[in-house]
Amino acid sequence: MLRDITIGQYYQTDSVMHRLDPRTKIVLTFVYILSLFVFENPAVYAVAALFLIIEIILSAIPLLYMVRGLKPVVFLLAFTVVVNLFFTGGQELVSFWIFRITIEGIKRSAYLMGRLIFLVLASNLMTLTTAPVSLTNALEYLMKPLKIFRVPVHEVAMMMSIALRFIPILVDETNKIMKAQIARGADFESGNIIKKTKSLIPVIIPLFVSAFRRANNLAQAMEARCYNGGEGRTRLNPLKYRRADIVAYVLLVIYAVLIVFMGCFLFRVIPIAV
Amino acid sequence: MPIVDLKNVTFEYIRRDNEGNVDGITTAVDGVSLKVSPGEFIAVLGANGSGKSTLAKHINALLFPTEGAVFVDGMNTADEDKLLDIRSTAGMIFQNPDDQIIGQIVEEDVAFGPENLGVPSEEIRKRVYDSLDAVGMSEYGLRSPDRLSGGQKQRVSIASVIAMKPKCIIMDEPTAMIDPEGRREILETAHRLNKEEKITVILITHYMEEVVDADRVFVMDKGKVAMSGTPAEIFSRVSELQELRLTVPQATELAHRLKMAGVPIRDGILTGDELVSAIMKLWSAAR
Numbered sequence: 076m077l078r079d080i081t082i083g084q085y086y087q088t089d090s091v092m093h094r095l096d097p098r099t100k101i102v103l104t105f106v107y108i109l110s111l112f113v114f115e116n117p118a119v120y121a122v123a124a125l126f127l128i129i130e131i132i133l134s135a136i137p138l139l140y141m142v143r144g145l146k147p148v149v150f151l152l153a154f155t156v157v158v159n160l161f162f163t164g165g166q167e168l169v170s171f172w173i174f175r176i177t178i179e180g181i182k183r184s185a186y187l188m189g190r191l192i193f194l195v196l197a198s199n200l201m202t203l204t205t206a207p208v209s210l211t212n213a214l215e216y217l218m219k220p221l222k223i224f225r226v227p228v229h230e231v232a233m234m235m236s237i238a239l240r241f242i243p244i245l246v247d248e249t250n251k252i253m254k255a256q257i258a259r260g261a262d263f264e265s266g267n268i269i270k271k272t273k274s275l276i277p278v279i280i281p282l283f284v285s286a287f288r289r290a291n292n293l294a295q296a297m298e299a300r301c302y303n304g305g306e307g308r309t310r311l312n313p314l315k316y317r318r319a320d321i322v323a324y325v326l327l328v329i330y331a332v333l334i335v336f337m338g339c340f341l342f343r344v345i346p347i348a349v
Numbered sequence: 042m043p044i045v046d047l048k049n050v051t052f053e054y055i056r057r058d059n060e061g062n063v064d065g066i067t068t069a070v071d072g073v074s075l076k077v078s079p080g081e082f083i084a085v086l087g088a089n090g091s092g093k094s095t096l097a098k099h100i101n102a103l104l105f106p107t108e109g110a111v112f113v114d115g116m117n118t119a120d121e122d123k124l125l126d127i128r129s130t131a132g133m134i135f136q137n138p139d140d141q142i143i144g145q146i147v148e149e150d151v152a153f154g155p156e157n158l159g160v161p162s163e164e165i166r167k168r169v170y171d172s173l174d175a176v177g178m179s180e181y182g183l184r185s186p187d188r189l190s191g192g193q194k195q196r197v198s199i200a201s202v203i204a205m206k207p208k209c210i211i212m213d214e215p216t217a218m219i220d221p222e223g224r225r226e227i228l229e230t231a232h233r234l235n236k237e238e239k240i241t242v243i244l245i246t247h248y249m250e251e252v253v254d255a256d257r258v259f260v261m262d263k264g265k266v267a268m269s270g271t272p273a274e275i276f277s278r279v280s281e282l283q284e285l286r287l288t289v290p291q292a293t294e295l296a297h298r299l300k301m302a303g304v305p306i307r308d309g310i311l312t313g314d315e316l317v318s319a320i321m322k323l324w325s326a327a328r
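As given, the protein sequences belong to chains Y and C, one line each in that order. Quick note: the first sequence uses this note's numbering, first residue 76, plus one each step. Quick note: the second sequence uses this note's numbering, first residue 42, plus one each step.
One chain only, chain C, in its complex shape (with noise of 0.2 Å):
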């Protein structure tokens, strides 16, 4: 059963202006359908207006769809009865860190959704350590958030989501307020839950180069899924990518750039170190 089940989902609101007239109608998502399996790592691709984190509010509950069906573990997010259990399963990180740290000590910020779940004091606290020590941040349980670098905060989110034990969490652009040291620790952290936790992930992002790593990735635009493959197929598409407002990565793109002059180099490379080694291979055949 998948984890995650998007069947057709539309998601249109009203625009309205600024005397509250009805102005027009956005379909900021339009006819989704994705599966996600247990224990994959999915990225989900798009420029700014493209309707991502419209669509990942949809895994949380916290938005319904217009038209179509959520379905989340076997939950549908249209039952409210099981509102609690999809949000406790489908565990949400936003893009602000301050905006989303509740409590004036770490501690408490992280025993935060499991209070709120009424589980027991002292699994509390087990699952507060726990669920710190998975992000690296147990040294920092009695700090206040305020005094933490940006990527510290959001590892601190990361630990408050996962210590509900969800069986997936979805990251909307958690990386857009932070700099790059603190993105490669929580793309890390991501990456590491993933493959030792087993916790399935969905990293919304409008960065390439976090993709790289995914199984799948799904580009979006103007609330469609535009292109869906792996990291490799994505990338072999260049010009696509590039007509989505999207920037490639430096690698790629050079090697886009050598096949476009004519140099037989392969499609699909995504590091620095694939380059490289391609490279090499090219010049040594010629030899």
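Excised from the complex, chain Y in its bound form (with noise of 0.2 Å):
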């Protein structure tokens, strides 16, 4: 049934990647991602695959790891490209009945497609390489220039790290009140969606119940030990920038200046020749 969920998709190993602080990784892979969408160039993508490759090889994460998380979007992928590739107007290449090749088609699906496949690759590469813990304990040091437009950033990351603690006992619960449901005669496998989406009230509002309960249990848990809000709160481990991170951030500018350059005058200089 829910047994073996993994939050996240922590890959644990010992690498540079794995070893940059998080927020590094985080600001590394939004810049990143931004940049696969400002210039539609070839070059500027080969760049792209470069710096990723790079990535890929500094976190220790064997390669057809890193393919086989491109399975969800496999999809996603194949439509994107079909539609592109046959319903582009354009200089035609080859018809046939109602579908039509264009150059314009190849290359913008190809361009989709490599977008695609970067994107996903890269931000995987971050799941993988950063504990789910080290993300939200980013997330709040990223955010708290927010706090000036109120944005409660703390209790924010607080309320996503207990949810994190909590999914696994949560589903440890719903596997128990299933159980005990199925030796009262409840039946969850057969009929339609509908009939099993039916059959799952009695296991949703009893896990309902003792949600809420846990939950007043934990507040009254934090406020016996202290807990105040993020006013004044110290950390075991605050986040430090070390050397690597300096150097990842130096190598993530020349990076971006180099697409930037090439984006904006190579493609002049040198005309894609079709």
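Just so you know, these hints were derived from the structure itself, not from any lab. Don't be surprised by glycine CBs; every beta carbon is placed ideally from N, CA and C. Check each hint, because a few of them may be wrong.
What the hints assert, rightly or not - Chain C stretches covered by chain Y per the calculated footprint, using a threshold of three residues with CB under 8 Å from any CB of chain Y:
{"hint": "1", "segment": "131-143"}
{"hint": "2", "segment": "156-169"}
{"hint": "3", "segment": "198-208"}
Claimed, not checked - Covered by chain C, according to a simulated footprint, are these stretches of chain Y (three or more residues, beta-carbon under 8 Å):
{"hint": "4", "segment": "236-249"}
{"hint": "5", "segment": "297-311"}
Claimed, not checked - Here are some chain Y residues pointing at chain C (derived, C-beta under 10 Å):
{"hint": "6", "residue": "232"}
{"hint": "7", "residue": "233"}
{"hint": "8", "residue": "292"}
{"hint": "9", "residue": "293"}
Two chains, two frames, some hints: make the complex.
What follows is the structure in structure tokens.
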């Protein structure tokens, strides 16, 4: 049923990417994804690919493992490519029935495919190399400036980390409740989707009741341990930038400059021969 | 100065029916006065609904008395400015280990209290590992709490509380959801902290076996203190305890029954060993 749920997809090993500060990795991924959407130009994509390959090598995650991460988006990928390949207007290359393959179509679907693959790989790389705890931690740091707009940054981060903590407990509880209901003759397996959904009601209601009871207990335990909001809190493991992070930021800036340079100027200097 | 001083504490709450109308008033704690000296190991015994947990929550300033006053290390819990001081002086351990572990990693959970108190990072690290050492869990610092047994989780909870350097810890039925092995671990830890770290312990429980080694025992019934004294004094009053729906330890009960049957055995036997030596003494005297 609901066994072995892993939150996030942290791949435990020791590598340069793993040791980077989680903040660096979030900024890195963010800038990288941004860079994919600004220009449509083969040179830019070549640089982006190179950057991603270096990242993957530094992460010590097996290539096959990374490629497998593309599985959930295969359908989306195929759909995008097909639609763009056959239904983009422009200079006709081949045509049959209602389908026309154009040069623009080929170019566009190639770009989109590259964009999607790079995007998924880059974001997977971040979650594979960073534990969920560190990610929530880093988000709290990075979102701090939002405090001036009265965004409850600390509270949001605390909620995220408590949610992560309680997912395995609630999964356990769901299993227990389901077993208890099965023992009383409940049937979760047969029937169509509507019947199956309905049969989950006797699981969901006790689960909610117990979740609220737990929330109440937890709140009391937090209060008992002097929790008083984010004000004046210190940390066991404060995030600290190391030399590797500075190097990573410098490389990121070089990358960004390179991309902008290529996107703005190079394209005009070396027109792509088609 | 007593570390915990309850002065005529009464706590009432309003019962409501399903529509939210007032149904009546329940007096959970009814005029309880007791003093605990620093370094003592106190046990509060009581059946379900005797008000013992409600009383415990007053000491940690989670509940406030309707009447009377609670002083922790000289601080009145009604004083809002002292709230954090009171909570870090008198740490609280709850029944369900899963519902009081906040961190996703053991060391982060133990750090939660000191983090709230604004302790510097270096000092937190030291406190975390000192506390884990004190409960014998230091090699689990980087584990996920989900992978621990009930007894281990509860010991982490104890470490989390002692990381705040409390003078007193209140344990609210810490063994109720734990297997016998884990129960033994928790009690041993509590007694060791009491002897070695000189931390005052207030143990709330309904298991009589757990109070045998306490310095003083209070038995609660219907919100009032029904009996108080040393474990030996309390356990010599077997029939009164049974009236309060409490089960006495097996050795005590056997001694009590022997006495009722006319055997001139002494009162206040708590353990199997004591019972054996008392019987041996009687037997050799009879020969």
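Status of the hints after comparison with the structure:
Interface restraint, the segment 131-143 of chain C with chain Y: holds (9 residues with C-beta to C-beta distance below 8 Å; minimum three). Residues of the segment 156-169 of chain C with a Cβ under 8 Å from some Cβ of chain Y number 10, which satisfies the need for three, so the listed coverage holds. Judged by the Cβ-Cβ criterion of 8 Å, the segment 198-208 of chain C is covered by chain Y as claimed, because 3 of its residues qualify and three suffice. Judged by the Cβ-Cβ criterion of 8 Å, the segment 236-249 of chain Y is covered by chain C as claimed, because 6 of its residues qualify and three suffice.
Proximity of the segment 297-311 of chain Y to chain C, defined as three or more residues with a beta carbon under 8 Å from a beta carbon of that chain, is established by the 12 residues found. For residue 232 of chain Y, the interface hint is violated, the least distance from its beta-carbon to any beta-carbon of chain C being 13 Å, above 10 Å. The beta carbon of residue 233 of chain Y is positioned within 10 Å of a beta carbon in chain C (closest approach about 9 Å), and the interface hint is therefore held. Restraint check, residue 292 of chain Y versus chain C: the minimum CB separation of about 4 Å is within 10 Å; hint holds.
Annotation: interface hint on residue 293 of chain Y holds; nearest CB of chain C at approximately 5 Å, less than 10 Å.
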